[in-house]
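J.: Here the protein sequences line up with chains A and B, keeping their order. Under my numbering, read the first sequence as residues 24 to 432, first letter to last. Under my numbering, read the second sequence as residues 24 to 432, first letter to last.
Do not take every clue at face value.
Unchecked claim - Pulled from the structure, derived: some chain B residues nowhere near chain A, Cβ distances all over 10 Å:
1) E69
2) G72
3) A97
4) G99
5) A128
6) R240
7) R241
8) R386
9) E409
10) A410
Said to hold, decoys possible - Capping the alpha-carbon separation at 30 Å, the derived lysine-lysine pairs in DSBU-like fashion look like this:
11) K93(B) x K406(A)
12) K85(A) x K375(B)
13) K85(B) x K319(A)
14) K93(A) x K163(A)
15) K425(B) x K375(A)
16) K425(B) x K85(B)
17) K406(A) x K85(B)
18) K85(A) x K319(B)
19) K199(B) x K232(B)
20) K93(A) x K406(B)
21) K375(A) x K85(B)
22) K232(A) x K85(A)
23) K425(A) x K425(B)
24) K85(A) x K406(B)
25) K425(A) x K375(B)
26) K163(A) x K85(A)
Source of the hints: derived by calculation from the structure; they are not laboratory data. Glycine residues also receive a C-beta, built at the ideal position from the N, C-alpha and C atoms.
Listed below, chain by chain, are the residues.
Protein chains: 2
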Amino acid sequence: MMNKNPEIGIKPATIGVTAAAGFLAAGVACGVRYEGRRDLGLLLSEEPGCTAAVVQTTNVLKAAPLPVTKEAVATGNVRAVVVNSGIANAATGRRGLEDAYRMQALAAAELGLEKEEVAVSSTGVMGEHLPMDRIEAGIKEAVASLSESGSGFAEAILTTDTRTKEASARVQVGDKTVTVGGVAKGSGMIHPNMATMLGFITTDAAVEKESLQSTLRRATDRTFNRVTVDGDTSPNDTVLLISNGAAGNTPLTAESPDYPAFEGAVEAVMRQLAKEIARDGEGATKLVEVIVEGAKSEEAAAALAKAVVGSPLFKAAVYGEDANWGRVLNAMGYAGTPFDPEGVELYFGPIKVFANGEPVPHREAEANATLAGDEVQVVARLKEGEASATAWGCDLTYEYVKINGSYRT
Amino acid sequence: MMNKNPEIGIKPATIGVTAAAGFLAAGVACGVRYEGRRDLGLLLSEEPGCTAAVVQTTNVLKAAPLPVTKEAVATGNVRAVVVNSGIANAATGRRGLEDAYRMQALAAAELGLEKEEVAVSSTGVMGEHLPMDRIEAGIKEAVASLSESGSGFAEAILTTDTRTKEASARVQVGDKTVTVGGVAKGSGMIHPNMATMLGFITTDAAVEKESLQSTLRRATDRTFNRVTVDGDTSPNDTVLLISNGAAGNTPLTAESPDYPAFEGAVEAVMRQLAKEIARDGEGATKLVEVIVEGAKSEEAAAALAKAVVGSPLFKAAVYGEDANWGRVLNAMGYAGTPFDPEGVELYFGPIKVFANGEPVPHREAEANATLAGDEVQVVARLKEGEASATAWGCDLTYEYVKINGSYRT
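Isolated chain A (complex conformation):
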């Protein structure tokens, strides 16, 4: 049902944050919050002289690691990331900021790097301080266990996620093959305007810094920012993209003939991670894909699609496998984008349910059947223009309520 992008490699040995040449990673258990689960990840480019780009949350409240990472990307050549799960280091005041700087300094010292070469990230519960002795021990252990496998890192960044999320893509740039790999974590507190809590993307392409930043911004808007689980935008959201040039290509800029191919690879990796985040939303049983076509701009199409995937009423109906198209139309109606409801055609899978301002006669059981699987697709065709956009979400379930009624305890 979903479009699978053919260029995405799903070979276990090569996906994820170490798929691109020259990247090593580790994930260790240091007991940040729970015993015996990986909760500290480390990522390193063996190549120096990397360029990096970052997109962070729009929340007024920003977790302590965010300014530290922003400063590193702005002033240094970030080539390493240290990240913990379990405690978000958010709403932790001056001590929280000191802890984030200390994580950076500890990782830099162990790796023999400048502080400005290390990005820092945290995810987990808010309002608690990090156990810095355990973090320190974890960093030492992680440095000692760096390898070409990204799977430990992918595990170490999870919170209520039920599975790891990794992807990769390869494209030709001149006479070189470049690889883009990535890892993400999501689950709860997921909403457009920095959707995912954490995403780390790596590439062995050599890319000029400003181009890299604009590519990350654009790809984030089209992928992670098109996902909603629950409308809650977290203070920790960060997507970081590091390029190390290990592929040996002539450095790319936005003007390079092969740049669209590279940008497409970045977007493809991030799109797959975004869909995995939606599919693994807290309590989710179904991935929901909403496609809006015929809008007057991509922004309008995206706003309409995001309103639908974000509607609790629609999400509950999907869970109940009730093809309640009225809720789709209703959510589009409050998206803040003008359109003519009479010009809308609505489809649940292949079943047309609404057109010309009225229900299209159809067998309800047939429409409901389009919701029976674990991937659901709803399409809205407008008569406003030529633009389209896709947004991803999940159903709203008892389990979501259960998880979030007792997350801290």
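We have chain A already, so just place chain B on it with the hints.
T.: Positioned in the frame of chain A, the structure of chain B alone reads:
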């Protein structure tokens, strides 16, 4: 815990839509969707020459009755309302609009009024046509059973609501006592920007039309628009205010010395109805009141308070009786209003949990205990200015998911 407004009378015999002099109402069962439950309501002012004001949904999709009622309020002297529950007459095309006009005409004919004196309203499922033969029979029965009791009307407008919502207030205007009464229905698809699906407010005060409209607008913004159950704004939302002058006061305008007292009474009635809607949100077990103080404007305070009551993560935590203040702060952070998080003081009931950018040490069990009852109050004090606002919502429960996973079936 909540401030009870002392001027609101809770005497069963006098509250509701017939509390003001000269109003009659009826509620009958005509089988719009279910057998044996009241589903058609009729409201009439015995006094002619009423003035009326209306505020309707901001949803691009507007149910068929909305333009009919808007036109009546604009061109006529609305003194009667006919309303059905069960079917929303939304997304029903040309036939839906014809049905709404026909409901108006049928009620006008039975009551011996001009069509423009009758407002029309519907609530229920979208995308289905009204059974006009039953509506017609119901209107006849309702006209025959008009009385000074508003309780049948209050019942007839309910859908998934679990109880009726009525209120009234009395104030002195010159040497006359004027009464404001009201009824509302809410439950699901409830969100700021016309919060409640339906509210009908009546007063025996004589009030000039433009003043009445601005009073309704302002009171709606401060009451119904401060309620959220699930973030879904319905296409049927309507609040109608009718004044019939039966109190015999010199007609009020916005400049009258007693106007603030009258406006206060309208707002008090609507506030009580708004809180009842929040308390009776689909699946709700708790009324949640969030007060934001020290904001730089009432709009900013309202935006912050509404973001908190609207956060699914916060709502689920309230259900789980987990005083997860991080989710309060986080929701404020994405409200779209700038503020300094370091300047925020957060309280769960009387327990201070956050100040100066850090958690305030407190016993978690004590903070959780503030969530144990059926009314929950959270206060956020900012250091941005002098303005404050209150918003109301409810917890997110398994039952909400259950109701909305199977509403149509």
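J.: Compare the structure with each hint and give your call.
T.: Each hint, compared with the structure:
With 10 Å as the threshold on Cβ separation, the claim that E69(B) sits away from chain A holds: the shortest Cβ distance comes to roughly 37 Å. Every C-beta of chain A lies more than 10 Å from that of G72(B), the closest at about 36 Å, which supports listing it as non-interface. With a least CB separation of 22 Å from chain A, A97(B) remains clear of the 10 Å interface cut-off, as annotated. With a least beta-carbon separation of about 26 Å from chain A, G99(B) lies farther than 10 Å from that chain, consistent with its non-interface assignment.
Every Cβ of chain A is farther than 10 Å from the Cβ of A128(B); the closest lies at roughly 22 Å, confirming the non-interface assignment. With a least CB separation of 19 Å from chain A, R240(B) remains clear of the 10 Å interface cut-off, as annotated. Annotated as non-interface, R241(B) keeps its C-beta farther than 10 Å from every C-beta of chain A; the closest such distance is 22 Å. No Cβ of chain A comes within 10 Å of the Cβ of R386(B); the nearest lies about 14 Å off, and the non-interface call holds.
With a minimum CB-CB distance of about 20 Å to chain A, E409(B) clears the 10 Å threshold, and the non-interface call stands. No beta-carbon of chain A comes within 10 Å of the beta-carbon of A410(B); the shortest separation is about 17 Å. About 27 Å separates the Cα atoms of K93(B) and K406(A), which keeps this hinted pair within 30 Å; it holds. For the given pair, K85(A) sits about 21 Å from K375(B) by alpha-carbon distance, which is consistent with the 30 Å threshold.
For a cut-off of 30 Å, the pair hint linking K85(B) to K319(A) stands: about 21 Å separates their Cα positions. At roughly 24 Å between alpha-carbon atoms, K93(A) and K163(A) fall within 30 Å of each other, so this suggested pair holds. A C-alpha spacing of about 26 Å is found between K425(B) and K375(A), which places the hinted pair at or below 30 Å, so the restraint holds. Restraint check for K425(B) and K85(B): the C-alpha separation of about 27 Å stays at or below 30 Å, so the hint holds.
This hinted pair checks out: K406(A) and K85(B) have alpha carbons roughly 18 Å apart, not beyond 30 Å. For the given pair, K85(A) sits about 21 Å from K319(B) by alpha-carbon distance, which is consistent with the 30 Å threshold. Of the supplied pair hints, the one linking K199(B) and K232(B) holds, its CA atoms being roughly 20 Å apart against a limit of 30 Å. At most 30 Å may separate the alpha-carbon atoms for a hinted pair to count; K93(A) and K406(B) meet this at roughly 27 Å.
Taken as a hint, the K375(A) and K85(B) pair is honoured in the structure, with Cα atoms around 21 Å apart against an allowance of 30 Å. Taking the CA atoms of K232(A) and K85(A), the gap is near 24 Å; set against the 30 Å cutoff, the hint holds. At most 30 Å may separate the alpha-carbon atoms for a hinted pair to count; K425(A) and K425(B) meet this at roughly 13 Å. Note on K85(A) and K406(B): the hinted pairing holds, with a Cα-Cα distance of about 18 Å set against a maximum of 30 Å.
Using a Cα cut-off of 30 Å, the hinted pair K425(A) and K375(B) holds, with the two alpha carbons roughly 26 Å apart. About 27 Å separates the Cα atoms of K163(A) and K85(A), which keeps this hinted pair within 30 Å; it holds.
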